[in-house]
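**Student:** Sequence:
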Amino acid sequence: MEGRPRNKIYAGPTGVVVLTDRRVARGPLVDVVAGAVGGGVRWVVLREKDLPRAERLALAVDLRAILAEVDGTLIVAGPDPLDGDAVHLPAAGPYPPPAVGLVGRSCHDTAELARLTTEHYATLSPVYATQTKPGYGPAFRESGLAALVKASPVPVLALGGIETAAQVAACVEAGATGVAVLGAVMRANDPTETATTLGRAFQEAATATTGEDK
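Take 1498 as the starting number for the sequence shown in the numbering used here and just add one per residue.
You may find that some hints are simply not true.
[Said to hold, decoys possible] Label-pair restraints from in silico Cβ distances:
id : residue 1 : residue 2 : range
1  : A1562     : R1638     : 34 to 40 Å
2  : L1548     : R1697     : 29 to 35 Å
3  : S1640     : P1549     : 40 to 46 Å
4  : P1595     : L1548     : 18 to 24 Å
5  : A1551     : A1662     : 37 to 43 Å
6  : L1548     : A1589     : 17 to 23 Å
7  : R1520     : A1626     : 18 to 24 Å
8  : E1701     : A1644     : 20 to 26 Å
9  : N1686     : A1565     : 22 to 28 Å
10 : A1636     : A1608     : 16 to 22 Å
11 : A1551     : G1590     : 20 to 26 Å
Hints are computed from structural coordinates only; laboratory data are not their basis. Note that the coordinates shown come from a computational prediction; the quantities given were computed from them, not determined experimentally. Idealized CB from N, CA, C, for every residue including glycine.
Start from the sequences and build out the full structure, keeping to the hints where you can.
**Tutor:** Below is the structure:
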């Protein structure tokens, strides 16, 4: 099977990162992801952890084919990279992380950030209240995100309830190197348009932030 070489080290995710959830997607998951990629997304995290491995592997093959056309990367949630080389792990483990090309970790506070070792990036959540996990939180908003970004030893993706261009900009201003979104794209009537809008907001905020740092 063709794909990225094993054990290749990737730069960490940036921009708009899409997390999958076929249960809330408005169309077939592959089509929704293809739409988001058409809107500029280059990083996708495959969740769907309830599927049998064979079905999940087949889905990973389909999504990698879409991302390969734009030199994008599929990250697999959980320690099994599904014949790839990039994983995103829960805060609970495993520790130490597997030795693959790219490893991310879900974090929610300074204690979890302090446990990071060889991970390349972390997600911080929930930034805002989220429909995907109602009651999950409390949301730490932009001020809490900024404080955790400063405490993190690795680049950070903001996660949780990010659905608007203004929220994307606020997360970038708080120091996030990217935003991870699920519902905003999965539930979108037009994933391409939504991805384009959020991606443009990220680029504008990132450019403004870089300018301020000079």
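**Student:** State, for the Cβ atoms of A1551 and A1662, whether the hinted interval 37 to 43 Å holds or is violated.
**Tutor:** holds, 39 Å
**Student:** Just tell me: holds or violated, for the beta carbon distance of P1595 and L1548 against 18 to 24 Å?
**Tutor:** holds, 20 Å
**Student:** Please check whether A1562 and R1638 have a Cβ separation lying inside 34 to 40 Å.
**Tutor:** holds, 38 Å
**Student:** Between E1701 and A1644, does the beta-carbon spacing fit 20 to 26 Å?
**Tutor:** holds, 24 Å
**Student:** Would you say the C-beta atoms of L1548 and A1589 sit inside 17 to 23 Å of each other?
**Tutor:** For A1589 against L1548, whose Cβ atoms are near 20 Å apart, the range 17 to 23 Å holds.
**Student:** Is 16 to 22 Å a correct range for the gap between the Cβ atoms of A1636 and A1608?
**Tutor:** For A1608 against A1636, whose Cβ atoms are near 18 Å apart, the range 16 to 22 Å holds.
**Student:** Kindly confirm whether 22 to 28 Å is satisfied by the beta carbon distance between N1686 and A1565.
**Tutor:** holds, 27 Å
**Student:** Could you see if the CB distance from S1640 to P1549 stays within 40 to 46 Å?
**Tutor:** Because 42 Å falls inside the window, the suggested range holds.
**Student:** Between L1548 and R1697, does the C-beta distance stay in 29 to 35 Å?
**Tutor:** holds, 33 Å
**Student:** Starting from the hint 18 to 24 Å, judge whether the C-beta atoms of R1520 and A1626 obey it.
**Tutor:** At roughly 19 Å between Cβ atoms, A1626 and R1520 fall inside 18 to 24 Å, so the hint holds.
**Student:** Is 20 to 26 Å a correct range for the gap between the Cβ atoms of A1551 and G1590?
**Tutor:** holds, 24 Å
Checked against the numbered hints listed earlier, the structure breaks none of them; every hint is satisfied.
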